[in-house]
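Undergrad: The primary structure of each chain is shown beneath.
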Amino acid sequence: MSGTARGGTAPHAPRAAQEASPKSVLAMTGVSRDHGTGAGLVHALREVSLSVAAGEFVAVMGPSGSGKSTLLTLAGGLDTPTAGRIVVEDADLGTLSRAGLAGLRRRHIGYVFQDLNLVPGLTAAENVMLPRELDGVRARQARREAVMALREVGVAELADRFPEDMSGGQQQRVAIARALVGDRRLVLADEPTGALDSRTGEDVMRILRARCDAGAACLMVTHESRHAAWADRVVFLRDGRLVDATAPRPTPESLLERS
Amino acid sequence: MSIRHGLLALLSQGPRYGYQLRADFESSTGATWPLNIGQVYSTLSRLERDEMVTRVGADEEGRFVYRITPAGEADVRAWFATPVARADRPRDELAIKLAMAVTTPGVDVREVVQTQRTATLRGLQDLTRLKADAPRAPGDPAERAWLLVLESMIFQAEAEVRWLDHCEAFVVREQTSATPPAPAPAPAPAEQPKESRR
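Protein sequence lines correspond, in order, to chains D and Y. Numbering (the UniProt record's numbering) for the first sequence: 1 to 259. Numbering (the UniProt record's numbering) for the second sequence: 1 to 198.
Keep in mind the hints are simulated off the structure, nothing from the lab. A hint or two may mislead.
[What the hints assert, rightly or not] Simulated pairs of lysine to aspartate or glutamate, DMTMM-like, Cα-Cα distance not exceeding 25 Å:
{"hint": "1", "chain 1": "Y", "residue 1": "Lys131", "chain 2": "D", "residue 2": "Glu191"}
{"hint": "2", "chain 1": "Y", "residue 1": "Lys97", "chain 2": "Y", "residue 2": "Glu143"}
{"hint": "3", "chain 1": "D", "residue 1": "Lys23", "chain 2": "D", "residue 2": "Glu224"}
{"hint": "4", "chain 1": "Y", "residue 1": "Lys131", "chain 2": "D", "residue 2": "Asp90"}
{"hint": "5", "chain 1": "Y", "residue 1": "Lys97", "chain 2": "D", "residue 2": "Glu224"}
{"hint": "6", "chain 1": "Y", "residue 1": "Lys131", "chain 2": "Y", "residue 2": "Glu143"}
{"hint": "7", "chain 1": "Y", "residue 1": "Lys131", "chain 2": "D", "residue 2": "Glu89"}
{"hint": "8", "chain 1": "Y", "residue 1": "Lys131", "chain 2": "D", "residue 2": "Asp135"}
{"hint": "9", "chain 1": "Y", "residue 1": "Lys131", "chain 2": "D", "residue 2": "Glu164"}
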């Protein structure tokens, strides 16, 4: 690393370029999604190519109906594209069996949605344990992981509380802990600050930011520029197409290349 | 006017040297609006002329200490009590540009909007990074003041993006409702001779 930095001249340029684009956790190439047929045909997404690297936080903005949520459900393997290729952690979603896809979703992808979707009859810890137990992890181990995940989002003390005894902000933190538990490296968030007040919304952004700084890849849909601004890169969708993006955050290597 | 009142507000906390005023002004506003010392002294001499401040002696290097007068105190209180009028702010170039874009033929308003939106978000990202790096509950009053100034800039950028979203939605709505079913009337004169020949 230091050798590259010192000798940032021509011979090292290819290596620097490689380091400037770390491995993608999510790679979407030429992805389209149509709904309906004939006169009712709607192009929800048109030939979108987008990748999110490890450690990168990408926000998607665009007017309603521009394809933001479609993009997210496709990235998470919850829907199938009409055309194009989606690769998550080296696995091409189009080639996976139904069981293989379900396993990949459980192990590698965390979802944070606007509606919190906590199971009411389970405590915070049990909610966070659930995906791990479904994955065959023993209860004691799952509990340990859950407590760690709750601590990471700052609500370790809520472990034994039920959702109805928590505020909206606390519930959202638990939902995020559930999305992060078990070292899932792709976090997909759809308006994760939906009904929260601005202070709590900012807390959620700080948690996602910290998770990305620790190496996760995060793709977030939001209509709030204040929240999108926490991302390294903001991409804009319009009528199902990517129309623009802010430049990615400069890396030391990319700065060297420019100079 | 803001420098004048800013300096008066600082002097209402106690007498200060000119260079102190400059440093205090900048630390309270996070160096967002840097002052040069010439601005400080020219503002002070106007305040002195208007009897808002008075000189109360000098240090060994001949630098004066300034103290606020009762008239100055009253001026600061009135300033805090009075809202800032919209008309006091400079003309908004972006609003003018958008207005011109809408009325100038051949300009793609959505592109103008998108170019600005990307730039504004880029700025908002920079501001947010500053905020992310700042302590959330700073003990130092100057740090607190700086966080509020930072938030002011974040709110302004956010409002600009919302307004741009509104502009785009408005333009799209107008385009869809104004799309004429018939082509432009240009060919009409060419057909008129036929009519007259009949």
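Undergrad: If a hint holds in the structure, say so; if it does not, say that too.
TA: Right, here's what the structure says about each hint:
no.: 1; hint: Y/Lys131 with D/Glu191; verdict: holds, 21 Å
no.: 2; hint: Y/Lys97 with Y/Glu143; verdict: violated, 36 Å
no.: 3; hint: D/Lys23 with D/Glu224; verdict: violated, 28 Å
no.: 4; hint: Y/Lys131 with D/Asp90; verdict: violated, 35 Å
no.: 5; hint: Y/Lys97 with D/Glu224; verdict: holds, 24 Å
no.: 6; hint: Y/Lys131 with Y/Glu143; verdict: holds, 11 Å
no.: 7; hint: Y/Lys131 with D/Glu89; verdict: violated, 32 Å
no.: 8; hint: Y/Lys131 with D/Asp135; verdict: violated, 39 Å
no.: 9; hint: Y/Lys131 with D/Glu164; verdict: violated, 33 Å
Violation of the numbered hints given earlier is confined to hints 2, 3, 4, 7, 8 and 9; the remaining hints are satisfied by the structure.
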